[in-house]
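Chemist: In order, the protein sequences belong to chains A and B. Numbering-wise, numbering that gives the first Met the number 0 puts 249 at position 250 of the first sequence, and it's gapless, one number per residue. Numbering-wise, numbering that gives the first Met the number 0 puts 146 at position 147 of the second sequence, and it's gapless, one number per residue.
Derived by calculation from the structure, the hints in this document are not laboratory data. Yeah, the Cβ is synthetic: ideal placement off N, Cα and C, and Gly gets one too. Incorrect hints may appear among the rest.
Below, simulated DSBU-like cross-link-like pairs (lysine-lysine); rule was C-alpha separation at most 35 Å, straight line [unchecked claim]:
#, chain 1, residue 1, chain 2, residue 2
1, A, Lys-191, B, Lys-26
2, B, Lys-26, A, Lys-228
3, B, Lys-159, A, Lys-371
4, B, Lys-159, A, Lys-325
5, A, Lys-228, B, Lys-198
6, B, Lys-93, A, Lys-325
7, A, Lys-371, B, Lys-198
8, B, Lys-345, A, Lys-371
9, B, Lys-26, A, Lys-354
10, A, Lys-64, B, Lys-373
11, B, Lys-93, A, Lys-229
12, A, Lys-228, B, Lys-159
13, B, Lys-345, A, Lys-191
14, B, Lys-93, A, Lys-371
15, B, Lys-198, A, Lys-454
16, B, Lys-130, A, Lys-325
17, A, Lys-299, B, Lys-159
18, A, Lys-191, B, Lys-93
19, A, Lys-220, B, Lys-373
20, A, Lys-371, A, Lys-435
21, A, Lys-220, B, Lys-345
22, B, Lys-198, A, Lys-218
FRET-style restraints, in silico, Cβ to Cβ [stated by the list, open to error]:
#, chain 1, residue 1, chain 2, residue 2, range
23, B, Arg-216, A, Lys-353, 26 to 36 Å
24, A, Gly-425, B, Arg-333, 47 to 57 Å
25, B, Gly-297, A, Arg-384, 21 to 31 Å
26, B, Ser-78, A, Ala-253, 14 to 24 Å
27, B, Val-379, A, Gly-63, 11 to 21 Å
28, B, Arg-333, A, His-95, 46 to 56 Å
29, A, Val-367, B, Glu-134, 39 to 49 Å
30, B, Arg-4, A, Lys-191, 29 to 39 Å
31, A, Pro-262, B, Leu-197, 37 to 47 Å
32, A, Thr-29, B, Arg-360, 25 to 35 Å
33, A, Asp-450, B, Arg-389, 46 to 56 Å
Each chain, letter by letter, is given below.
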Amino acid sequence: MQYITLDTETDFDGWRKAARTLVLHHVKPTDVTWAVQGGEAELFAPSAPSPILEVNDGTFNVSGKFVDLAQAAILHRDPERFAILYRLLFRLKDNHDLIEVATDPDVALVTVMARAVHRDEHKMHAFVRFREIGRERAAHYVAWFEPEHYIVELAAPFFAKRFADMPWSILTPDLCAHWDGHALSFTPGVSKSEAPGEDRLEETWRRYYASIFNPARLKVKAMQTEMPKKYWRNLPEASIIRPLIEDAERMTGAMIANAATDPHKPQKRPEAPMKRKLAADDLEALREEAAHCRACHLYKDATQTVFGEGPKNANIMLVGEQPGDKEDLAGHPFVGPAGQMLDRALAEAGVDRKKVYVTNAVKHFKFVPRGKIRLHQKPTTPEIRACRQWYEREVSAIQPDLIVAMGATAAQSVFGKITPIGKTRGRVIDLPDGRKALVTVHPSYLLRLPDPEAKVLEYQRFVEDLKIAAALQRKSSRAA
Amino acid sequence: MDVQRKLEILADAAKYDASCASSGTEKRDSSDGKGMGSTAPGMGICHSYAPDGRCISLLKVLFTNACNYDCLYCVNRASSNVPRARFTIDELVKLTIDFYRRNYIEGLFLSSGIIRNPDYTMEQVVSVARKLREEHHFRGYIHLKTIPEADDALIAEAGKYADRLSINIEMPEETSLQQFAPEKDVRAIRRTMGRLRLKLDEAEEGGTAKTKTKSQRFAPAGQSTQMIVGADGASDHTILHTSSNLYGSYRLRRVYYSAFSPIPDASRALPLRAPPLLREHRLYQADWLMRFYGFDVGEIVDGGAMLPLDIDPKLAWALRHRDRFPLDVNRASREELLRVPGFGTKAVERIIATRRTTTIRLSDLARLHVPRNKALPFIVLSDHRPSPHRLDEVRLIERFKPKATQLGLGF
C-alpha cells in the first residue's frame with residue numbers, strides 16, 4: 000500500500016509527480032491512499048511510512064484534455080478526487096482514447112467534477128460583492144465570499160485583470176486573495192467577521208434591483224436555478240427578494256385593475272423625425288414616392304426601395320435587373336461586386352459613370368434567407384410588370400437618348416416583353432418612342448462564369464458593347 | 000431629484016427591454032494598469048437574477064424617459080402619465096463606474112426616449128460612452144441603443160465605443176407597427192440596421208482585432224433587436240419569418256422576444272392581461288432551432304400557424320416526421336442527431352466523440368445528459384429498439400405532455 004501526502008488541497012504539481020511515479024511502477028489504484036498535509040485523512044495515516052518509490056525520469060503521454068480536466072477536478076471539495084483522478088490516469092496510460100468516451104463512468108465523474116469547479120469559479124466571478132473601505136484615493140475594496148470548492152487561486156486572476164487600478168481583497172474561509180495594484184498575493188482563510196459589513200452604495204443597488212424587476216413576469220424557479228440560495232447570504236440585493244415576490248402579484252393585479260388614465264397631452268409635438276424630408280424636384284419626388292411602393296409583395300422583406308441614381312440630364316440610362324444584397328443594405332444601385340465589375344468595364348469602354356443614370360428594372364431585392372445569407376432570386380414577370388411604372392417614369396424624367404438593358408430582366412422591362420439577349424445583343428435598336436436601346440449581359444453574369452478563359456472573352460464582349468454607348472456619349476457631349 | 004430617484008424611474012422605464020447579454024465581444028482587460036474593466040469574449044457574466052427569472056448583467060437604464068413618440072405599447076410614450084427623469088452625462092458615468100467597482104455589473108446598457116431629434120438623442124447616448132471610454136478608460140461592456148436615422152458620423156462613433164448596438168424592430172409586422180407606433184417607420188429601422196451591417200462587414204474585413212486600427216473598430220459584439228410578442232395578433236409563423244429575415248439580412252446576433260407585459264398607465268387601446276411567458280419561451284426555442292440546429296422557419300411552423308404550447312417545437316417537428324425515426328444513435332449523421340428530441344448540440348458532440356471508440360447503450364444516456372423519456376421513442380441503441388407500433392401511435396404525444404390533473408369536487 001502506498002500512502003501519498005500532498006502539500007495542500009490544491010497541490011496539482013504534487014499530485015502529478017506522485018501519480019506519474021506510481022503509474023510508472025504499475026501501482027494499482029486500489030493500492031494507493033491519498034491525503035493532504037494537516038487534513039482529516041492524514042490523522043489516520045499509518046505510523047510506518049510507505050516504502051519509498053524511486054522517482055525515475057520515465058514519462059508517458061496523456062491527452063491534454065485529461066490535464067485540463069484534472070487541473071480543474073483537483074479543486075473539487077470531494078476528498079476522493081485524488082484517487083478518482085489516479086484511477087482514470089492509470090487506465091488512460093494504456094487506452095489513450097478513453098478520455099473521449101463520455102459514457103465511461105470515470106470520465107463522466109471527472110467531467111462532472113471539473114464542471115462543478117468551473118461553475119463555482121464562474122459564480123465567484125459573478126457574485127463577489129466588493130465593499131469600499133476608506134474613500135476616494137485611499138479606498139480599498141474588500142469582499143467576503145464562500146466558495147463551494149477550492150477555487151480562490153483559480154478565480155483571482157480574473158479580478159486582477161478586471162480591477163487593475165484599485166486595491167482589493169477577497170476574503171474566504173479557505174484562502175484570501177489580495178491585489179495591491181501590482182501583484183496578487185494569498186493569505187490563509189479567515190472568518191466572516193473580518194470582512195466589512197456594508198457599503199454606501201448597497202441601498203442604491205437594491206433600488207436598481209427592485210426597479211429593473213418586472214412584477215408581471217414572476218419566475219422564481221428560473222431565478223433560483225441560476226442564483227442558488229447558498230449564495231444569497233452574501234448578496235446585498237438578496238434581502239429584498241422575498242418582499243419583491245410577495246408584492247408582485249398585488250402590483251400586477253393593480254396594474255390590470257387600474258383603468259387607463261387620460262392621456263397626458265404635451266403642448267406641441269415636434270414632427271416625427273423618422274419621416275424623410277420632402278422632395279426638391281420631380282426626380283426626387285419620384286424617388287420618394289417609390290420608397291413607399293407596395294405594387295408587389297417584394298417590399299415586405301427588402302430593406303428599402305433601391306431607386307435609380309445619376310444626373311437628371313444624362314443621355315445614357317443603364318438598366319440592371321434588380322438590387323442585390325449590398326445594394327439593398329446601402330440603398331444605392333450597383334455598389335456590390337457586380338457594381339464594381341460594371342465600373343471597371345465602363346471605365347475601360349470610356350464611359351463616364353458620373354454622367355450616366357443607373358437603375359434597375361426591379362427596385363426591390365428579391366431573396367430567400369438561408370441561415371446567415373440571402374439567396375438572390377429571379378423576379379417573376381408579374382413583379383417585373385408591377386415595377387415597370389417606375390422605369391417608365393424614370394425614362395420620362397431623364398429623357399435619355401440611349402437605354403442600355405443589361406440582362407434578360409432588364410430587356411423585358413425596356414422592350415415591354417420577354418426579349419432573348421442572344422439575338423439582340425450588341426445592336427442599337429430603335430424603340431417606339433424614338434429612343435435607342437442596346438442589349439447586353441448583366442455584369443453579375445460575368446462574375447458567375449466558372450471558366451476563366453470564357454470570363455475574359457465575355458468581359459471583352461461586354462466592354463465592346465459598352466463602347467457603343469461611349470461613342471454616343473462622346474457624340475452628344477460634342478453636340479452639347 | 001436625487002440620483003437614486005432618477006435611477007428608480009429610469010431603470011423602471013428600461014425593464015421592458017428583454018436584451019441583457021454581455022456576450023460575444025472581443026477580449027479586453029485592464030492589466031496594462033490604465034483604467035478599469037474587462038470583458039469575456041465568449042459568455043458574459045450574469046451578476047444577479049431578478050425574481051422574474053431574468054439575469055442582471057448590465058446597468059440597464061434610459062438616459063431619459065421623456066419621449067416625443069407615442070407608441071402605444073411603451074410605458075414612456077408621450078401621452079403616458081409616468082413621472083419623467085433625465086440623467087446628466089456625469090451622473091450616469093459615475094453610477095456605472097461605482098457599480099462596476101463593486102462587481103455588481105458587467106457594464107452599461109443605455110437606451111433613451113427620443114427627445115428633440117434623433118441626432119440630439121444619439122449624441123447624448125454616445126457622449127456617455129465616449130466619457131467612459133476616453134476619460135475613465137473603462138474597458139467593460141457597453142451596449143448602446145441606436146436611434147434610427149441618426150447621423151452616420153454618430154453611428155460610426157457609437158460603434159467605436161460600444162460593444163453592441165441595437166435597434167428594436169418592436170413589432171413583427173409593418174401593419175402592427177403602423178397601428179401601435181404611428182411615428183415609427185419600419186423602413187427607417189431597417190435602413191439603419193442595413194447601415195450597421197455594412198459597417199460591421201467593413202470592420203470585419205478590416206482585419207483581426209489585433210491588427211485593426213481604432214477607426215476600424217465597430218461594435219465587435221454585433222447588433223441585436225427586440226420584438227414584442229402578444230400585443231398584436233401576429234402568428235408565431237409571422238414572428239419567426241421576420242426573425243429569419245432579420246438574421247439573414249442584417250447578421251443580427253440575437254433577436255429578443257419580449258412577451259408584452261401589462262404596463263403601468265397603459266393605453267386604452269391595449270389588451271390588459273398577464274404576459275404570454277410560455278409562448279415567449281417557445282419562440283426562443285424555435286429561434287434556437289433556426290440558429291444552431293439547421294431548421295428552416297417552414298419546418299418549425301406552418302404558414303400562419305402557432306407553435307404548440309404543450310410540447311417544445313423540436314418534439315413537435317419529430318412527431319410530424321415519424322417516418323424519419325427511429326434513428327440509430329451509433330450510425331446517424333450529426334445533422335440527423337441534431338433533430339432528435341432531447342439531443343442538444345453538446346450531447347451530439349459527446350455522442351460523436353464517444354462512438355468512435357465504443358458503442359452507446361441505454362444506460363449511457365444519463366452520462367450523455369440526454370433526457371430518456373423524450374428521446375427513447377425516437378432512437379435505436381445497441382440494446383434498445385422502440386416497438387415499431389409505438390412511433391405510429393396517435394397517443395404518443397400524450398407521453399410528453401404535462402400530466403393532466405383530476406378536477407377536484409369541492410365538498
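Chemist: Could you run down the list of hints and mark each one as holding or not?
Modeler: Now for the hints, and whether the structure bears them out:
Distance restraint check for A:Lys-191 and B:Lys-26: the Cα-Cα separation of roughly 34 Å lies within the 35 Å cut-off, and the hinted pair is therefore satisfied. This hinted pair checks out: B:Lys-26 and A:Lys-228 have alpha carbons roughly 31 Å apart, not beyond 35 Å. Simply put, B:Lys-159 and A:Lys-371 have alpha-carbon atoms about 24 Å apart, close enough for the 35 Å limit, and the pair holds. The hinted pair formed by B:Lys-159 and A:Lys-325 meets the criterion: a straight-line CA distance of about 22 Å does not exceed 35 Å.
The suggested pairing of A:Lys-228 with B:Lys-198 is violated, with an alpha-carbon distance near 44 Å, which exceeds 35 Å. A C-alpha spacing of about 41 Å is found between B:Lys-93 and A:Lys-325, which places the hinted pair above 35 Å, so the restraint is violated. Among the hinted pairs, A:Lys-371 with B:Lys-198 is consistent with the structure: their alpha-carbon atoms are about 16 Å apart, no more than 35 Å. The straight-line distance between the Cα atoms of B:Lys-345 and A:Lys-371 is roughly 22 Å, inside the 35 Å bound, and the hint therefore holds.
Pair hint B:Lys-26 plus A:Lys-354 does not hold up; C-alpha atoms about 48 Å apart against a cutoff of 35 Å. Under the criterion of a C-alpha separation no larger than 35 Å, the hint pairing A:Lys-64 with B:Lys-373 is consistent with the structure, at around 31 Å. Simply put, B:Lys-93 and A:Lys-229 have alpha-carbon atoms about 31 Å apart, close enough for the 35 Å limit, and the pair holds. Restraint check: the Cα-Cα separation between A:Lys-228 and B:Lys-159 comes to about 40 Å, which exceeds 35 Å; the hinted pair is violated.
For a cut-off of 35 Å, the pair hint linking B:Lys-345 to A:Lys-191 is broken: about 39 Å separates their Cα positions. Between B:Lys-93 and A:Lys-371 the CA atoms are separated by roughly 39 Å; this puts the pair beyond 35 Å, and the hint is violated. Proximity of B:Lys-198 to A:Lys-454 is assessed by CA-CA distance (about 31 Å); at most 35 Å being required, the pair is judged to hold. This hinted pair checks out: B:Lys-130 and A:Lys-325 have alpha carbons roughly 34 Å apart, not beyond 35 Å.
Simply put, A:Lys-299 and B:Lys-159 have alpha-carbon atoms about 32 Å apart, close enough for the 35 Å limit, and the pair holds. Our distance criterion of 35 Å between C-alpha atoms is met by A:Lys-191 and B:Lys-93, whose separation comes to about 30 Å. Note on A:Lys-220 and B:Lys-373: the hinted pairing holds, with a Cα-Cα distance of about 22 Å set against a maximum of 35 Å. A distance of roughly 42 Å separates the Cα atoms of A:Lys-371 and A:Lys-435; the hinted pair therefore is violated under the 35 Å criterion.
Annotation: proposed proximity of A:Lys-220 to B:Lys-345 holds, straight-line Cα distance about 24 Å (limit 35 Å). A hinted pair counts as satisfied when its Cα atoms are at most 35 Å apart, and B:Lys-198 with A:Lys-218 does not qualify at roughly 38 Å. In this structure the supplied range 26 to 36 Å holds for B:Arg-216 paired with A:Lys-353, their Cβ-Cβ distance being about 33 Å. Separation of A:Gly-425 from B:Arg-333 is about 51 Å and conforms to the stated range, judged on CB atoms against 47 to 57 Å.
For the pair B:Gly-297 and A:Arg-384, the beta carbons lie near 27 Å from each other, so the given range of 21 to 31 Å is met. Between B:Ser-78 and A:Ala-253 the C-beta distance comes to about 21 Å, which sits within the given range of 14 to 24 Å. Checked against the hint of 11 to 21 Å, the pair B:Val-379 and A:Gly-63 fails, with Cβ atoms roughly 34 Å apart. Restraint check, B:Arg-333 to A:His-95: a C-beta distance of roughly 24 Å breaks the suggested window 46 to 56 Å.
Take A:Val-367 and B:Glu-134: their Cβ atoms lie about 48 Å apart, and the range 39 to 49 Å holds. Checking the proposed 29 to 39 Å range against B:Arg-4 and A:Lys-191 shows it holds: the Cβ atoms sit about 33 Å from each other. Roughly 39 Å separates the CB atoms of A:Pro-262 and B:Leu-197, a value that falls within the hinted 37 to 47 Å. Hint check: A:Thr-29 to B:Arg-360, Cβ distance near 26 Å, so the stated range 25 to 35 Å holds.
Between A:Asp-450 and B:Arg-389 the Cβ separation comes to about 55 Å, which falls inside the hinted range of 46 to 56 Å.
Violation of the numbered hints given earlier is confined to hints 5, 6, 9, 12, 13, 14, 20, 22, 27, 28; the remaining hints are satisfied by the structure.
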